[in-house]
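Chains as they are written, first to last, in our numbering: chain A, 1 to 333; chain B, 334 to 842; chain C, 843 to 1163.
For the record, the hints were derived by calculation from the structure and aren't laboratory data. Take the hints with a grain of salt, since some may be wrong.
[What the hints assert, rightly or not] Calculated lysine-lysine pairs in the DSSO-like style (CA-CA distance at most 27 angstroms, straight line):
1) A/197 <-> B/511
2) B/675 <-> C/1044
3) B/602 <-> C/1049
4) A/52 <-> A/174
5) B/472 <-> A/197
6) C/1044 <-> B/392
7) B/472 <-> C/1156
8) A/213 <-> A/197
9) A/213 <-> B/602
10) B/511 <-> B/810
11) A/213 <-> B/472
12) B/675 <-> A/223
13) B/706 <-> A/197
14) B/457 <-> C/957
15) A/223 <-> B/706
16) A/213 <-> B/753
A quick note: this is a predicted structure, and the numbers were derived from the prediction, not measured.
So you can see what is in the structure, the chains are spelled out below.
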Amino acid sequence: MKKSNFGTVDQTEQQKSKLIHKLFRTREFSLLIVITLVFIVLAILKTDSFLKWKNFEAISNGMVFDLAIVSGMTIVLILWGIDLSVGSVLALTSVLTAMMLRGGVPIFLSVMLGLGAAAACGAVNGFLISRYRIAPFIVTLGMYSIARGLAVVLTSGYYLASLPKAFVTVGRSKLLGVPLSIIIIVLLLVVLGILLKHNRFFSQMYFVGNNPKAAELSGHDVKLVLFFGYVISSLMAGVAGILMTSRLAMGFSGFGQLAELRAIAAAVIGGASFSGGEGSIIGAALGVILLALINNGFVLLNGPPDWQQAVSGIILIVAVGVDAYRRRKERRE
Amino acid sequence: MMGKQPILSLEKITKAFASNTVLNEVSMNVYPGSIHAVIGENGAGKSTLMKIIGGIYTKDSGEICIDGKSVTYTSPSQAIAAGISIVHQELSIAENLSVAHNVFCNREPINAFGFIREKELNRKVAAIFLKLGVDIDPKDRTANLSVAQQQLVEIAKAVSQNSRLIIMDEPTSSLSDKEVDYLYSIVDGLKAEGISIIFISHKLNEVFRVSDCISVLRDGNMIGTKETSETDMNEIISMMVGRHIDDLFPPKSTKITDEVIMEVSGYTKHGMFENVNFSLKKGEILGFSGLVGAGRTEVARAIFGADPIDAGELQLHGQKVKIKYPKTAIAKGLCYLTEDRKLLGLFQTTPVKWNIVSASLRNFVSIFGFYKKAKINAQSIEYLKKLDIRPFNDEIQVINLSGGNQQKVLLAKWLSADPKVLIVDEPTRGVDVGAKSQIHNLLRELSEAGIGVIVISSEQPEILGLCDRVLVFCEGKITKDFGNTAVTQEDIMKYASGVSLAENRGEKE
Amino acid sequence: MNRIKTLPKKIGTHNLALITINVVLIVVMASISPYFLTGANIEVILMGFVLEGIMAIGMTFVIISGGIDLSVSSVLPFAAIITGFMLKAGWPPFVAIIITLISSVLVGFFNASLKNILNVHPFIATLATMLTLRGLALAISSGANLSGFPESFFFLGQGRALGIPFPICVFIILALVMGLLLKKHRYFRQIYFIGYDPQAAKVSGMKVERFFLFVFGLSSGLAGLAGVLAASQYGAAHISFGIGSELRVITAVVIGGTSIVRGGSGTMFGTVLGVLFMAIIYNALVMSGISTYWQDVVNGIMLLAAIFFVEFMKNREKAVN
């Protein structure tokens, strides 16, 4: 066997600097730059209104729910799938939890059962997708209508208010000046992020989404991983639902409208791809932050409110288009 | 027949993909009304040649003449216009449409407004079927037809395009004996109409039965064309295989013991392979030889648990095991390196490092399943060194590596899984000479260290040079276990091309 | 007797089943309420789904070709609103309608181009377009209800021809013409090859990319037509028109037997039957006072059931052979 020229000290040094270069080229880094730029622009243009702590509080309060959902969506996208039901699961969880709270069920139990219901939705999705190989968009499209419909039927469309004070304060209380809900979500995201990058079971998702056939032949538990991915996505939607119920002090079947579309946009901006195998929690979070900043800028700059949705749509198209174009270029090379 | 002008004349056709020359100055003449067989081993270039004739690929150099006139075309529709059509191995039938619509795919007779004249369409198709002697209802839905019948629809399509030359790629691969007979009667009928047929086949007995002349391709070169009546199987076989073994292989094993590492009994999957029995001894490299579609990969996948079986037993180190999933196989030390490294073996857009550990993640975790990154890095670097993988960078995506290096990464992946039995499928396909040699030496090292090695290969020199014992597969059965006797390429080809099977069945004249 | 035996082959077993289901449905509804089969009620039933029906005609083409078009539910209000604007600005209805139709078709071209040039899956592409268009419509109209259209415009949505409401006439004519073209015209029939195996179709020389432009343009164009009719029917244009209609339209097409999982199969006759079925069901749902969300649930379940049924029948036919 030929003796190979393995790396000398010089080569490992070269590798180290290459790593730093690699860091610079990641999606997350570019996003950070863009966010910083937007931040600076807004700070200059609207110094008074933008830089107020109250403004940032408003931005982050608004972001909390999207952050929860986008992390689940990222996981599902990594798995080469999609979850259209997250908004509906959010609403269903909100409704069920509120109903139980009003019915006198202890807070802890209500929350657990609410999350359980969310997980059940995810389990149904995951089961149909992993076991029967039905296309994710069809399955989650079905759950989208069924979950939301159930929520409406249970409440006849009415708000469910008069929730126990203890429950409501959680959504509004602060810890050392930072809203509790933000702390909870950030913690969850950190945990998920660490699991995705450092835990064997979770990181399998990248393999499964990149090339399910090769993953199967490499001994990965493709079905189990897929199943769990969808359960997690719905669970995160459930978490968002409970937090929203607490913050707004009501259960409502109309919560979470268009949440899935915002989540898709943020996730794709954050580096996830519709062809699976790519994406990160950090990227997704940055995507949400960027969109929230742009939104905030829009409002502060007195952009016509009616144009908000149109702009979101255009951003989504551009994000999808650029992503597709980038992938095409990569494939060519 | 030889005196007439050829309908198709190929003059020094050359084609290369990237740096790989697939066809090297191939010349061939096809005469009107003749059935012309083109045969050769896997990778000889038959399929590429047909695609060039059919307009799917463009030649790099050389000349194509039809009826003596030089032609150039760049698309299949131009080839069809010139009178040439291909009946592919993978049929392109639209199942939901009627037979007639498939025959006249997008060329149905229409009236002034563009509406299809259904009655005229059915009439025309019925006429073609009548001429061919085919009994299919033009109005029938194609989904209701058997594969053999669908193939006849494709042939009718070629006839409807007024083709004077029809190329058939492995037409009998999915047909039963009776259907094969029927197909050949159709082919004779076409011949009687003055239509020429080129057909690619591996089955020598069929070739001899039906063809007027045989052209042999080997490694992209046209070795020669012979009148079928003036040659015999042995001559054709030696034309197919005759080449020098100029690669240096590692010395054969000195440590073959009688200890049986793996025993396969009665493995059967209907339609794929039947009653496969063999044992793998410690210290030997066992080779699976045979032609594409002979069932070697299917058997390997079944043993590995990637596909289910209808019957069979597996023993590893004397213990009976039931393997239903690749996960189980890997856990028991049985690893399979896939034939297709790009799509099934590697994660192309994932870094080299992660590919290397992708089948052995469990070896690199501590409690609760968290990675020991240092261990992964060390393992990855170790394999980069050991297998001389270039460039020396485990962070880049696998897709950026050359074929040979990708194959080495794939090997590293399976070595990292601590195999006790390693089945490698086409281990050096698309790999440069230097890397080939490294891989061969590595495989020999493994077998000497007591790991069972099975090599599936379509490259005869590799089988003969590397393996201690050779099993030959044909049509899903093991037709010969050569044991430790000296083997020649002709021997292998004989058992690979079904000659022995035909002898068993009693060759029909 | 033989004529009846060949009926399944001629019409297709799926369509036969659908006809039966529709007949049973009608009988059941009629027995529940004697009012059901009156002319007035039939008109209500059909008018309640006619716009979706028109969109379903275009959607049939898209799904047979192997794609999907979610943007129709946004093209409708978008078309209604820009028509409204032009009418209020004094433009002659004829001109306004033409411009609206052209704009709608251009949306379809955009969808097709995302697929052709950037290789974006139609689901994602039309999802993004749907969101954007609705946003644009909202932006242009500021959520207001546009009204005050010229008298001459109302004929389209409120007029009658031979006693039949004009929109229904439009649907019938479109279904007949498009159905005929789909069944018998060679250019249109390419859709079955392209939908089943686009690669093979390309190799056979069919201009696949151009065809997708045509198919998506048709779907969006018909959605635009539906928008124009809606504006005419209600005498108003509002952003809320057509919400949720993409789900209803797709369900009607899938119930009609068009496979959403793999392209290359489907008939206009089936779609018409599916539209009829949906019209009756939706009428029943609306009459019973069930909220729109509950309707969406039923719709979602019907869609899933229809998909399963269509695929199940396909597999059964394969197994039989």
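Which of the stated hints cannot be reconciled with the structure, identified by number in ascending sequence?
1, 3, 5, 11 and 14
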